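Take these sequences, add in the hints, and give me the full structure.
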Amino acid sequence: MLLIILVTLVYLAATGFFAWLGFRQTHNAQDYLIGGRQIHPLVMALSYGATFISTSAIVGFGGAAGSLGMGLLWLTGLNIFVGIFIAFVFFGKRTRKIGHNLNAHTFPELLGLRYKSRFIQGFASIVIFLFMPIYASAVIKGGADFVQSYFGIPFEVSLLFFVSIVAIYVWMGGMKGVMYADAFQGLIMFAGMAILLVSVYAKLGGITSAHQSLTDLINDPAVREQTAKSAADGFLGWTAMPKFGSPIWWNLVSTIIMGVGIGVLAQPQLVVRFMTVKSNRELNRAVVSGGVFILMMTGVAFVTGALSNVLFFQADGKIAILAAGANDKIIPEFIRRFMPEWFGAVLLIALLAAAMSTLSSQFHAIGTSAGRDFFEKTLGRGKNSVLVTRGGILFGILLSTALAWMSRYLDASMAIIATGTALFFGLCAATFLPAYVGALYFRKLSATAAKAGMIAGFVTSTFWIFFIHEKESASLQISKLLTGKASLVLGTALEPLKMVDPIVIALPVSILVTIIAGLFVKSKLEPAHVETCFKGV
Amino acid sequence: MLGFGDGWVLAAYLFCVGSTILCVVYGIINWNRGADKEPTQIQEEVAWAETEKKIEEEV
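The listed protein sequences derive, respectively, from chains P and R. Each residue of the first sequence is one higher than the last, beginning at 1 in my numbering. Each residue of the second sequence is one higher than the last, beginning at 1 in my numbering.
Since the hints were made in silico from the structure, they are not lab data. As the structure is a computational prediction, the values presented were derived from the model and not from experiment. All residues carry an ideal CB built from backbone N, CA and C; glycine is no exception. Take these hints with a grain of salt, some might be off.
Stated by the list, open to error - Derived contacts from chain P toward chain R, CB cut-off under 10 Å, selection only: (1) G69; (2) F88; (3) H100; (4) H105; (5) L130; (6) D216; (7) Q226; (8) S230; (9) G234; (10) W238; (11) R285; (12) G290; (13) K318; (14) R372; (15) A412.
Below is the structure:
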């Protein structure tokens with residue numbers, strides 16, 4: 001306990017020092033920009049990473065790798081290739097330029113101004129306001145689960161402790177624009193994960209030997225018995241993909257890999273980051289840091305999560321999920337049991353830092369959706385929008401805390417954090433991606449087509465979540481209440497559809513509707529407006 | 001190879017490493033490209049950043 005207090009104090013003092021250092025150098029926007037041009041690329045690099053990764057990725061998805069295996073590495077690959085390379089090179093540069101040309105400051109505002117549609121801005125803001133708390137609750141649960149395991153305290157206490165720290169941080173205005181503090185957090189995260197990777201591989205005799213032990217684990221009779229239920233659902237071991245077309249295969253491939261891997265392109269809080277970058281040069285440089293950083297964060301978390309099975313089995317004779325008690329407890333318990341105490345303290349701080357930067361950007365997006373996008377721009381009411389924004393942030397914090405608290409009633413063997421995150425990412429992809437791509441690349445796409453695609457994507461996605469995809473519809477209970485069945489397709493010829501994630505259906509629907517409407521309805525936007533949007537692109 | 005149980009997981013492992021190498025190579029090749037040099041561009045940046053700062057302060 002003394003150790004953790006000591007580490008926390010050192011961390012807070014260092015963060016404060018770096019924040020002060022950054023603040024001293026940046027007094028106004030002009031200074032901030034000029035300063036940004038002189039900042040060392042490594043500082044820039046680390047600050048990027050810290051805002052991208054959260055407890056959801058490390059605790060939630062790392063835990064999912066503990067039960068589903070290393071197939072999750074496809075997600076790391078997509079995180080790097082789609083989430084960094086494609087996002088920065090093909091989306092980031094245009095987003096930045098068009099956003100600046102239109103003086104847009106939020107994602108709904110970018111879409112609304114580009115298509116000259118108050119409806120689009122309003123609709124996007126409502127979707128973000130109502131659904132982003134699900135993702136925020138996943139990040140909060142990741143932090144609270146870690147605190148609970150580390151200190152051995154009840155979940156309610158750790159949740160309250162974690163949310164209080166977050167609320168104070170957000171209330172103080174976060175650490176926005178303070179590059180050195182972000183970079184310091186990034187450095188801790190990077191170092192923490194590097195130590196974790198080296199120690200796990202070292203404990204198991206090297207890279208190939210570690211993987212081989214995990215491959216062989218499934219052949220142990222005791223392990224066969226413990227995994228009998230998941231084996232019936234398609235699980236074939238931690239270093240193999242699940243059986244093609246099985247429930248576990250659909251969960252891994254359609255929900256976890258595709259939902260998050262593709263959904264990252266249309267994440268409102270990440271899109272905004274592109275606009276705050278000072279020039280395309282910074283985006284080019286960030287591709288290097290982003291790629292390496294994501295590999296070290298999610299790659300290490302997934303490898304560790306899967307390999308933890310070998311160590312848990314050697315120690316307790318139980319696979320990770322049984323030894324830890326719940327999917328989302330695998331990483332916290334692994335750190336507590338198999339890593340030195342000082343490392344647990346450092347990682348706790350790293351995870352808190354990771355959660356802070358992500359949560360503050362999420363609550364910022366929730367607040368501005370309510371105040372700037374909906375109240376001020378869509379309803380056209382200028383007065384009190386600051387109050388509405390702050391009220392929105394408070395609502396976001398309370399709702400996501402309540403959701404995190406309610407998650408204890410869900411099946412603990414489910415990857416709750418990963419599922420919650422994937423749900424929001426998938427919903428964003430289906431609702432926003434075609435309209436967003438159109439805004440950046442298709443000058444002639446009409447606002448009507450963008451609207452039609454957004455509505456079609458959103459309606460299909462929510463319908464699928466509430467009535468078809470059993471993993472979610474069964475927990476949400478609405479289908480059961482209205483129709484008596486957890487999923488509408490149960491007991492019909494279409495029953496296999498209950499395993500298919502919404503993104504697999506809703507994104508193609510959204511793309512198709514956007515294309516068809518685009519072909520039939522011509523854009524009414526004036527050529528001068530389109531020229532302004534694409535100036536310098 | 002590398003102790004994995006099937007080729008798909010090995011492919012995922014290599015996809016992660018390959019994508020990272022792609023990012024590093026792309027970033028290094030374009031390290032100094034894309035800086036805003038025109039004074040008008042810099043002025044635009046400043047105007048945008050000032051509005052952004054105002055919004056941040058309100059939040």
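Structure-based check of each hint:
no., hint, result
1, G69, "holds, 7 Å"
2, F88, "holds, 9 Å"
3, H100, "holds, 5 Å"
4, H105, "holds, 6 Å"
5, L130, "violated, 19 Å"
6, D216, "holds, 9 Å"
7, Q226, "violated, 17 Å"
8, S230, "violated, 15 Å"
9, G234, "violated, 13 Å"
10, W238, "holds, 8 Å"
11, R285, "holds, 6 Å"
12, G290, "holds, 7 Å"
13, K318, "violated, 21 Å"
14, R372, "holds, 7 Å"
15, A412, "violated, 26 Å"
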